[in-house]
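A.B. asks: Residue numbers (the numbering used here), protein chains in the order written: chain A, 1 to 536; chain B, 537 to 1072.
Hints in this document: simulated from the structure, not taken from any laboratory. Please note that the accuracy of each hint is not assured.
Claimed, not checked - Cut-off 27 Å, straight-line C-alpha distance, at most; resulting in silico cross-link-like pairs (BS3-like, lysine-lysine): (1) B:K893 x A:K25; (2) B:K1018 x B:K916; (3) B:K778 x A:K5; (4) A:K140 x B:K541; (5) A:K273 x B:K900; (6) B:K580 x B:K900; (7) B:K541 x A:K357; (8) B:K893 x A:K61; (9) B:K597 x A:K356; (10) B:K809 x A:K276; (11) A:K496 x B:K541; (12) B:K812 x A:K276; (13) B:K676 x A:K5; (14) B:K1049 x B:K900; (15) B:K597 x A:K357; (16) A:K61 x B:K892; (17) B:K597 x B:K646; (18) B:K1032 x A:K5; (19) A:K22 x A:K5; (20) B:K809 x B:K778; (21) A:K273 x B:K646; (22) B:K1023 x B:K1042; (23) B:K856 x B:K778.
As the list claims (entries may be wrong) - Label-pair ranges, simulated between beta-carbon atoms: (24) B:E1034 x A:S74: 52 to 60 Å; (25) A:E287 x B:E803: 30 to 38 Å; (26) A:E352 x B:P733: 38 to 46 Å; (27) B:T822 x A:T75: 41 to 49 Å.
We treat Cβ as the ideally placed atom computed from N, Cα and C, and that holds for glycine.
Read off the chains here:
Protein chains: 2
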Amino acid sequence: MYPKKLIHQAISNPDFPVVETKYGKLRGTWTDDCYIFRGIEYAKAQRFHLAEEPDPWEGVKAAVNYGPVPPEISTRIPGDAFTEPHFWYPQSEFCQNLNIWTPSIGTDKKLPVMVWIHGGGQEHGSAIEITAYDGEELAKWGQAVVVSVNHRLNVLGYLDLSSYGEEYRDSGYAGMMDLVQSLRWMKENIKGFGGDPENVMLFGQSGGGFKILELMQMPAADGLYNKVSIHSGTGKDTLFTKENAARVAEDIAGYLGLERKQIKQIETIPFHKLAKAVNYAYDRFTERTGKRLQWTPPVDYKRYWGNPQMDGIRFREETKSIPMLIGSVLGEFVSSAHHNSQDGDINTWSPETAEKKLSERYGKYKDKIVQEFLAAYPDKTPAQALFVDVFMRKPHKDLCRMRAAEESGAVYNWMLSLDMPCYGGSTPWHNSDEAYFFHHAEYFESEYIPEVSERLQDEMAGALVAFAYTGNPNHVGLPTWKPVTNKIPTMVFDRKTEIREDYDDKLIELVTKAGALGPGGKGPVRTYGGGPRERV
Amino acid sequence: MYPKKLIHQAISNPDFPVVETKYGKLRGTWTDDCYIFRGIEYAKAQRFHLAEEPDPWEGVKAAVNYGPVPPEISTRIPGDAFTEPHFWYPQSEFCQNLNIWTPSIGTDKKLPVMVWIHGGGQEHGSAIEITAYDGEELAKWGQAVVVSVNHRLNVLGYLDLSSYGEEYRDSGYAGMMDLVQSLRWMKENIKGFGGDPENVMLFGQSGGGFKILELMQMPAADGLYNKVSIHSGTGKDTLFTKENAARVAEDIAGYLGLERKQIKQIETIPFHKLAKAVNYAYDRFTERTGKRLQWTPPVDYKRYWGNPQMDGIRFREETKSIPMLIGSVLGEFVSSAHHNSQDGDINTWSPETAEKKLSERYGKYKDKIVQEFLAAYPDKTPAQALFVDVFMRKPHKDLCRMRAAEESGAVYNWMLSLDMPCYGGSTPWHNSDEAYFFHHAEYFESEYIPEVSERLQDEMAGALVAFAYTGNPNHVGLPTWKPVTNKIPTMVFDRKTEIREDYDDKLIELVTKAGALGPGGKGPVRTYGGGPRERV
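Sequences are here, hints too, so could you generate the full structure?
C.D. replies: This is how it looks when you write it as structure tokens:
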């Protein structure tokens, strides 16, 4: 994704590296002991229809450049690209493409396949949106095949037009079924890239986590993966019912002036016009429900069984045995919001300044929260208690307990609490764990701490890779890590990584009671990083 | 611009690194012995008006993230991002910001200031568009202050509305005057960043070269720089006369339905609507002239004296003494076009295949051209003769001779002819020299050749830095380099760099005669890299 200092000469020749797939030959790039294939078309799709297998080709096709990324209704601009380095890329609705990083081709190594599913809700983002998603270091260091997938988002991925006729019965599932199609492609083709089609781990952050849980609730994905790793990506969310979905479709068709019998036109209308209609529908949705529309596939208890954390919904029997590695970071959006403030260096605030800010956020719970924070994180300062997330942490713990209670596959829980070095110090923010899980923290100015980062990324990426190999994240660099039972043993990744059991229950409870669920204590704000959104 | 493997911990704290400017304090980032200040606002501007000094501020302002880049009428998508790695970034017409890389702040080092002016004609691009424009390595290795500047482009930078009233008398110069304003900012503020305000070199590639020549023809820029380096960026171009400019303004206002007295509305119309009108005007311009509209400031012989290579126009007396370092690369757009082809590895074509292609491009001149090519480049193969640029090389040589004949400041000429390692071999393409001039070729997969690249970038960046220090590119790593007289001694950068005098005159003459001026021999095609342009 980004230029790295090369050791060897990269090779991208007409005849090397070349891999044969079911559809034809692909040539990629070999660079410093990693083979990279970018922008591989895994499917083709017509708007509002399910993706199908790609067309075969003659000769050797280039897989050297990234493919287009999915269109966004409005392109996200992070408030702080320093802590969340971004990579924008041309968008196209014909975005069914994936990228592969592998240490081995043309062998029978059967390396585990680690499939990265990006975040940004189901509205934003791409397989290459954030520079941390580059898979080269993880593939080489972990000796695994890393794959990242682009798939349709927002209106293109989830608009349910089923009430407009049989032709559109699947349109609400198009985005998730792109992902399924990519997994089918891997099943058939990943062997040529050194991967084991029978050992596939899904891992994703934020919206990527939500999408993984959705795949677990979709029968079409059964058998295409056998373990999942969810980073800061679960919660009880607005349920996108069939009724909600139908109303959104009506709002959009209405705005576009399309009668029922004209609905076919919605397939060819320019995307920027469609996007305007979507913004109109967003506003109507918020008027009706008081919430922001969160795209998901509509729940039909057939193709999609719904968010397992909602009342009355459970995990499907078919995915019960899937082992799960799950965790979040100490600051999440609370830290991100601070990066945009003019508040200066939290680690040099006077005690009075810190007190004042803690009172603003926590009110009468301030002292108790600071006490519980220091009990949970004894090496931290009172001021850092200001930057504690519960919006993610709470539902993650709930999910851990739920899986354990249902006697599902093993669940392992982690927390990243490392004080980051930028801006004079910051608790880890939403997405800051990926520089570590992808084993390249030393490329991130806002996150790299010499010696500390090298060890920590060995621990974190090591856990992820061990889990991808075996379904168990334990490795020699870590204390013994037991799965969740009625207790939650959490691997707290920090300068001194250790296991702590049920260590922050009281803290989470108090912060929740104080109503300080999101940035600034004003309740949950789903900003996905805090940046402004430009409307079309 | 892109993450680099860090050695030290980067520091971006509220109190370090901080530099005081005329308008207030700025804090940047210190990373591996380089201080980086990104997105510094050097001016503020209202649409179609000249930029003014920015507002002062209290406290310390962050200069950690890049600022927005200039809006493009249609965003350029390079056909091959592998050979031209790109960095897209959010656009805004409030794009008057610059980036600084410096090895030294808070000292009195008075390092030379190297001001990068990006290409993309005057239509496209940004200070950070191509990853090669990252100034960190050049600043550290060269011990110089590197600055890159965003400024208004296309309609926002050059629409001449002067016939609509006195208020808009300067609108056709807004983009170039942004650049002038940035140079004024440097004059007043660069000392705090370790720079010498009296030693400023402009360097630019492609459109960046054209913009430098325009600055030389604009009295407003006099005294703000004292040397120029032009890379693949000159030519006789469509003259954007006052009459042409006025017609374009009428087409745009007409499309928008604006009467003369309503013209003020053009300042607030959303950019995407304005862009539609611009596309309309482009088509009208092409109908009238048979050419593509190339934005430049209109020639009024007062604010702008016109392209010095056009008939009847000369350099202004005031810039005669400016020394010039100028050159281009062997393949330019001819190579870029080949990267998009399915033609395979040029270095393993059979003699018959090469013959056939040479005949297609050069017709009856084929044999003579191959003969002259091998005389000019004895280490190359006949097939490589297919990828020779004259579209850039010819006017560059003409400019060299013109400056020398006018007894201007010294002119030094170079050529980059290194066979690049990607796709089985490729003559250097348009923009491929920047990875070398910025001294970080080892970050570019398509360009890095171990040992060769390290030496070559020492030679090339060394010449650029020596020129920035003294106005003379000679350094201990190069053969003696004399300025142009009635002869052109060219420093041919390659595996074995050497000076060759008037070595390719016959080759250029023959290719020109064969009519093979651009990619595929179909005459000049101004694609700026060959990618498709998506219309708004």
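A.B. asks: Does each hint hold? Answer for all of them.
C.D. replies: Verification of the supplied hints:
With a C-alpha separation of about 25 Å, the suggested pairing of K893 (chain B) with K25 (chain A) holds against the 27 Å cut-off. Distance check on the hinted pair: K1018 (chain B) and K916 (chain B) sit about 25 Å apart at the alpha-carbon level, within 27 Å; holds. The hinted pair formed by K778 (chain B) and K5 (chain A) fails the criterion: a straight-line CA distance of about 48 Å is larger than 27 Å. Under the criterion of a C-alpha separation no larger than 27 Å, the hint pairing K140 (chain A) with K541 (chain B) is consistent with the structure, at around 16 Å.
Taking the CA atoms of K273 (chain A) and K900 (chain B), the gap is about 52 Å. The hint is violated against a cut of 27 Å. Restraint check for K580 (chain B) and K900 (chain B): not satisfied, since their Cα atoms lie roughly 57 Å apart, outside the 27 Å limit. With a C-alpha separation of about 36 Å, the suggested pair K541 (chain B) and K357 (chain A) falls outside the 27 Å cut-off, and the hint is violated. For a cut-off of 27 Å, the pair hint linking K893 (chain B) to K61 (chain A) stands: about 21 Å separates their Cα positions.
Between K597 (chain B) and K356 (chain A) the CA atoms are separated by roughly 23 Å; this keeps the pair inside 27 Å, and the hint holds. Between K809 (chain B) and K276 (chain A), the direct Cα distance comes to roughly 14 Å. Compliance with the 27 Å bound is thereby established for this hinted pair. This hinted pair checks out: K496 (chain A) and K541 (chain B) have alpha carbons roughly 24 Å apart, not beyond 27 Å. Under the criterion of a C-alpha separation no larger than 27 Å, the hint pairing K812 (chain B) with K276 (chain A) is consistent with the structure, at around 17 Å.
Taking the CA atoms of K676 (chain B) and K5 (chain A), the gap is about 16 Å. The hint holds against a cut of 27 Å. Proximity of K1049 (chain B) to K900 (chain B) is assessed by CA-CA distance (about 10 Å); at most 27 Å being required, the pair is judged to hold. Annotation: proposed proximity of K597 (chain B) to K357 (chain A) holds, straight-line Cα distance about 22 Å (limit 27 Å). At roughly 23 Å between alpha-carbon atoms, K61 (chain A) and K892 (chain B) fall within 27 Å of each other, so this suggested pair holds.
The suggested pairing of K597 (chain B) with K646 (chain B) holds, with an alpha-carbon distance near 24 Å, which does not exceed 27 Å. About 24 Å separates the Cα atoms of K1032 (chain B) and K5 (chain A), which keeps this hinted pair within 27 Å; it holds. Only pairs whose Cα atoms come within 27 Å are accepted, and K22 (chain A) paired with K5 (chain A) is rejected, the gap being roughly 34 Å. Restraint check for K809 (chain B) and K778 (chain B): satisfied, since their Cα atoms lie roughly 24 Å apart, inside the 27 Å limit.
A hinted pair counts as satisfied when its Cα atoms are at most 27 Å apart, and K273 (chain A) with K646 (chain B) does not qualify at roughly 53 Å. At roughly 14 Å between alpha-carbon atoms, K1023 (chain B) and K1042 (chain B) fall within 27 Å of each other, so this suggested pair holds. Taken as a hint, the K856 (chain B) and K778 (chain B) pair is honoured in the structure, with Cα atoms around 26 Å apart against an allowance of 27 Å. Under the hint 52 to 60 Å, the C-beta atoms of E1034 (chain B) and S74 (chain A), about 54 Å apart, fit the expected range.
Our hint of 30 to 38 Å for E287 (chain A) and E803 (chain B) holds, since their Cβ atoms are close to 33 Å apart. Checked against the hint of 38 to 46 Å, the pair E352 (chain A) and P733 (chain B) passes, with Cβ atoms roughly 43 Å apart. The hint said 41 to 49 Å for the Cβ distance between T822 (chain B) and T75 (chain A), and at roughly 30 Å that hint is violated.
Violation of the numbered hints given earlier is confined to hints 3, 5, 6, 7, 19, 21, 27; the remaining hints are satisfied by the structure.
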